Amino acid sequence: MKIKLNINGTNYESDVEPRMLLVDFIRDVAGLKGTHVGCETGSCGSCMVLLDGMPVKSCLMLAVQAEGKKIITVEGLSGKNGLNKVQKALSERKALQCGFCAAGFSIIGTWILDNEENVDYQKVKEDIAGVVCRCSGYDQIIKTITEVAKNE
Amino acid sequence: MKIPPNFKYIRTYTLDEYYEKANQISLPLIISGGTVAVLMLKNRLIRPEAVIDISQIPELNIVKINKDDVFIGANTKLYKLKDILPNDSASELIVKSASTVGDIAIRSMGSVGGNVCLGDPSNDLPVALTAIDAQAVIGKKDGITYLPIKNFYIKPFKTVLNKGEILLGVNYKMLNGYRTSYKKHFINFLDHYVGIVAAIAKIEENVIKDFKMAIGGEAVGKPVKFDLSEFSNVDEIKIIKERMFDYVNTMHIENNRFGTANYKKKVLYTLISRAIDEVLKL
Amino acid sequence: MNERTEKFFKGKGSFVDDINFPDMLYLEIVRSTKAHAKLLKVKGGLTADALDLTLVSTGESYRKGKNYEVEPVLAKEKVLYYGQPVSAVYDKDKYKAKDLAETVEISYEELKPILTIEDSLSSEPIHEGRKDNIVSRFEVGKKFSPESKIKLSDELFMERVLPNPLETRGIVAFYNSGKLNVWISTQSVYSIKNGLSRILGLNPADINVYQTDTGGAFGSKSAVYPEYVIASYLSIKTKKPVKWIESREEHISSTRPGRGVKAQLKIYGDEKGKIDGIEGKIFVDVGAYADDLSSTSPSWIGYQITGPYMIENVFIEGYSVYTNKAPLGPYRGAGRPEAAFFMERMIDLYADHLGLDPVDVRLKNLPEKEFISPTGLKVLPSKAFFEDGIKKINYAELKKKNAGISFGILIPAVDGGESAKIKVENGTVKVWLGGNAHWQRHELFVKRIIKEVLGIPEDKVVLMNGNTSELEKGIGTWGSRSAITAGYALYKAALALKEKAEKIGLKEPQQVLSSELSSEYYENMQLDPSMISFLLTAAVAEIEDGIKPVIKEIWAYYDVGEPLSLEAIYGQITGGLLMGVQEVLTEALKYDENGKPVPETLSATGIAYSINAPKYNVQITSFGRSNTPHGAKGVGEAGTIGAPPASARAIENLIKKRVNRLPLNLDLLT
Numbered sequence: 001m002k003i004k005l006n007i008n009g010t011n012y013e014s015d016v017e018p019r020m021l022l023v024d025f026i027r028d029v030a031g032l033k034g035t036h037v038g039c040e041t042g043s044c045g046s047c048m049v050l051l052d053g054m055p056v057k058s059c060l061m062l063a064v065q066a067e068g069k070k071i072i073t074v075e076g077l078s079g080k081n082g083l084n085k086v087q088k089a090l091s092e093r094k095a096l097q098c099g100f101c102a103a104g105f106s107i108i109g110t111w112i113l114d115n116e117e118n119v120d121y122q123k124v125k126e127d128i129a130g131v132v133c134r135c136s137g138y139d140q141i142i143k144t145i146t147e148v149a150k151n152e
Numbered sequence: 001m002k003i004p005p006n007f008k009y010i011r012t013y014t015l016d017e018y019y020e021k022a023n024q025i026s027l028p029l030i031i032s033g034g035t036v037a038v039l040m041l042k043n044r045l046i047r048p049e050a051v052i053d054i055s056q057i058p059e060l061n062i063v064k065i066n067k068d069d070v071f072i073g074a075n076t077k078l079y080k081l082k083d084i085l086p087n088d089s090a091s092e093l094i095v096k097s098a099s100t101v102g103d104i105a106i107r108s109m110g111s112v113g114g115n116v117c118l119g120d121p122s123n124d125l126p127v128a129l130t131a132i133d134a135q136a137v138i139g140k141k142d143g144i145t146y147l148p149i150k151n152f153y154i155k156p157f158k159t160v161l162n163k164g165e166i167l168l169g170v171n172y173k174m175l176n177g178y179r180t181s182y183k184k185h186f187i188n189f190l191d192h193y194v195g196i197v198a199a200i201a202k203i204e205e206n207v208i209k210d211f212k213m214a215i216g217g218e219a220v221g222k223p224v225k226f227d228l229s230e231f232s233n234v235d236e237i238k239i240i241k242e243r244m245f246d247y248v249n250t251m252h253i254e255n256n257r258f259g260t261a262n263y264k265k266k267v268l269y270t271l272i273s274r275a276i277d278e279v280l281k282l
Numbered sequence: 001m002n003e004r005t006e007k008f009f010k011g012k013g014s015f016v017d018d019i020n021f022p023d024m025l026y027l028e029i030v031r032s033t034k035a036h037a038k039l040l041k042v043k044g045g046l047t048a049d050a051l052d053l054t055l056v057s058t059g060e061s062y063r064k065g066k067n068y069e070v071e072p073v074l075a076k077e078k079v080l081y082y083g084q085p086v087s088a089v090y091d092k093d094k095y096k097a098k099d100l101a102e103t104v105e106i107s108y109e110e111l112k113p114i115l116t117i118e119d120s121l122s123s124e125p126i127h128e129g130r131k132d133n134i135v136s137r138f139e140v141g142k143k144f145s146p147e148s149k150i151k152l153s154d155e156l157f158m159e160r161v162l163p164n165p166l167e168t169r170g171i172v173a174f175y176n177s178g179k180l181n182v183w184i185s186t187q188s189v190y191s192i193k194n195g196l197s198r199i200l201g202l203n204p205a206d207i208n209v210y211q212t213d214t215g216g217a218f219g220s221k222s223a224v225y226p227e228y229v230i231a232s233y234l235s236i237k238t239k240k241p242v243k244w245i246e247s248r249e250e251h252i253s254s255t256r257p258g259r260g261v262k263a264q265l266k267i268y269g270d271e272k273g274k275i276d277g278i279e280g281k282i283f284v285d286v287g288a289y290a291d292d293l294s295s296t297s298p299s300w301i302g303y304q305i306t307g308p309y310m311i312e313n314v315f316i317e318g319y320s321v322y323t324n325k326a327p328l329g330p331y332r333g334a335g336r337p338e339a340a341f342f343m344e345r346m347i348d349l350y351a352d353h354l355g356l357d358p359v360d361v362r363l364k365n366l367p368e369k370e371f372i373s374p375t376g377l378k379v380l381p382s383k384a385f386f387e388d389g390i391k392k393i394n395y396a397e398l399k400k401k402n403a404g405i406s407f408g409i410l411i412p413a414v415d416g417g418e419s420a421k422i423k424v425e426n427g428t429v430k431v432w433l434g435g436n437a438h439w440q441r442h443e444l445f446v447k448r449i450i451k452e453v454l455g456i457p458e459d460k461v462v463l464m465n466g467n468t469s470e471l472e473k474g475i476g477t478w479g480s481r482s483a484i485t486a487g488y489a490l491y492k493a494a495l496a497l498k499e500k501a502e503k504i505g506l507k508e509p510q511q512v513l514s515s516e517l518s519s520e521y522y523e524n525m526q527l528d529p530s531m532i533s534f535l536l537t538a539a540v541a542e543i544e545d546g547i548k549p550v551i552k553e554i555w556a557y558y559d560v561g562e563p564l565s566l567e568a569i570y571g572q573i574t575g576g577l578l579m580g581v582q583e584v585l586t587e588a589l590k591y592d593e594n595g596k597p598v599p600e601t602l603s604a605t606g607i608a609y610s611i612n613a614p615k616y617n618v619q620i621t622s623f624g625r626s627n628t629p630h631g632a633k634g635v636g637e638a639g640t641i642g643a644p645p646a647s648a649r650a651i652e653n654l655i656k657k658r659v660n661r662l663p664l665n666l667d668l669l670t
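Residue numbers (my numbering), protein chains in the order written: chain W, 1 to 152; chain R, 1 to 282; chain X, 1 to 670.
Keep in mind that the hints were calculated from the coordinates and are not lab data.
Since this is a predicted model, take the numbers as computed values, not measurements.
Take these hints with a grain of salt, some might be off.
[As the list claims (entries may be wrong)] Now the in silico label distances, taken between C-beta atoms and shown as ranges:
#1 Glu17(R) - Lys69(W): 17 to 25 Å
#2 Gly416(X) - Asn11(W): 51 to 59 Å
#3 Asn11(W) - Phe157(R): 38 to 46 Å
#4 Asn426(X) - Lys8(R): 50 to 58 Å
For each residue, glycine too, the CB sits at the ideal point set by N, CA and C.
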């Protein structure tokens, strides 16, 4: 079936099987490789994107379900001036190690920045709970996002 | 890779369209938010002839706040409930329950209908809705029926919904001046919940006027409801707790990968005790 | 600005699933759904009939020395674990490949699966032609007849744990113009190259292995696995690029987990807290097939059982045994956490028996001068380190919170040394290391060493992914070895480059930077006690509501030698600590009575989420430099060694019941 998805402001039109997962559309049709597949069951957040401003796990959605919605991937977070604040801080402070979870923490971190009030360490710790990092023990990630949010 | 089997995809825009398609297709799978339905497809646990997307049906997308009661359309996202529902105590319990589902992403994808209809004992809303005597609003071609949520489940993963029927949403009476408590216990985050307890109570001038509680979770199976009328000497919290513990002791709880029966019983005692303390402590 | 991290935020990383070629084929593996069965029929796909190989070639070395059973690439006649590859299918569409996998017909005659160490020892051999299920036996230390007043015994167990890197395993193999090119997510391009060359009988010169960005490994990406051989074979056959990406489900059933160890130990001592000896048996459940690492695991654990202590009498019998479970591999720490857990738990048992403070007993048993254990382990005196640490973490306060404590050592796997290459090109210094980084922060020490030796600013230095065509020889990244070994090799390579530059009159860093010089260095190394670091860990637990054990605080006072980058080390330590904590609480790979893995999802394997993280108190210190020019010690596995015994003890202090099995048996709370 023909579907048209709006990803990072660009329309991608393709003839796909109804069973195609959103994450596969993003990676294989739109060619945006920053969104990753880590667990396939919604347990890790590596495939997280924003759908109409809300974080979703793109491995648990069919591509066709996202028709008519605005999708933002990790690539779409950075603008003309490069990385956004959260990404820049995570990158500069080397909060991540292997980098596979960069999309997940960028998306959830940006969402926290844009949506949460009275952000503190504990709140960030709870908000990022659906994104897995196996390398770092989370501390530097939580500290970094908290700090960026507090400086908003 | 986990990849769904092939299926036809049908997006329905009206209830009539839904009834027509759902009756035509031998094995339909209804999808609103995705999450669990997509996971079941990816695990190839079901091989539907067609996936029927109900997310565009207007009747399922509304939340109606009347004078005494509230209707939550099945497509309502769990994450949205905290912004939409009124301030009464019954709504408060639902919001408490919904805000513990998965993580933010799962809550922003998952719908009320999905959480209610799967029948997974680990799901949150069924327990909260049972506690407040909510009703399932079931649509079918020839009309609408209302069924108490506690009668909606036959056993884990099995509801009374028949082919061609649809959960339009849930309906409940607003309750004011109640205290609420929602407790649950998991071992692994984003995995199964061992026990879930939802409680709501009204106390006036140091007298317990009303008390409702539901327990659920993997140890319990389908949600079980308790009411004030079942307890005598209601001034004594201790007695309510004891009766609840007695009930837990009569339950058949299995030793399985989620824990031993002993451990699960202890979990239930603890959650019940904590919830009762929160809503009934004078 | 750091391009290497920045690219991940721009979606410009190239993990293995990001590598694509036109005309690529997607490989799907059809796996056994029985843990132990005869294969009656396998119809469809590529089977052992066409591809009849084993992982390590069954050549002379196998027959002569290594008497263990090696995994076949595809199961033949029998399957010995759930998830074992039986057949392989492919298609140019990955969705269709998955559908195709379902068309393969397999029928089984089920046999009783052997799933525990106990059953393994008392059951008929799972491998025909063997007399029992014992893979290997070891004796380490020396038999002794103790006359100690105190004699205490216990059985300890650590369940299997999955490495679970966030990026699963994967490979793209492309046979082109007579060469096999392999892009792979790995800890060592060299073990992949050597393995594929030996298994497929290819000339090593005809294989190039390129490391893709690697999304974590924790031991799971060091070995050659059946899927890599199948993908390579199919590419050679079809002349097309072949991609295989592991699903999480496959990771759970078929990637090599770690741990799975039981110990029956006796500790001997006097009434004042002086330990006379440690004795007992260690059993390692290696699963259905073995390799060098798993078959020797019990002796490696036994070798370091005494940790930092001076214990004059040690005798350990070690056994590796077969079971109908996936073959065992290394998991972060690989033997070190096992030894530490066993010893530390026995010391607590002893201290409790005497009613002494566990810290006092530990301090009392540290050597005054260099000590050589009966197993051959050489450790330097560490009393000053631990005494200092006890003050620095404020043990007196922690004790009031019922903290558990552990002393430990980290023996880096330096043997074999490592290689490094430096190439100056277009004003940039490119560096390749034999150990292939996946951002455990190797880049930070690389930049530092280059700056120190060559004076070249850090922003001109780039650490490249592993590549056998750039740097031909190397070992790999594991066993907390890279800072020491690769760091050393790089240091030497940098000195060599400096010398070359000076010879042709290039003295200023800027001059070197505009040259086209290169140098390569391979440094063989051997373990020296100065490289062993000391670890002091403390944990504070809480049993929430009496039903949920959590670790609230974790304290680490760790010796890292000359720290190459504090920032880098901090994340390594906290990461290891959380893994160690979670191994005590929930993280485990259990199997049901049919031998099927119990967890079906990543979350069900019990891994740590952010909400599980304790409050960290990490103090990085140097208790002397290692005997290398740059003075580094290892750090990568420190937390996984220190956290489990400290956390187990902290919980034990609260529930007043002995914790000797991991993960914690929740029934202890009832």
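Inset, instruction - Enumerate the violated hints, using their earlier numbering and listing them in ascending order. - result: none
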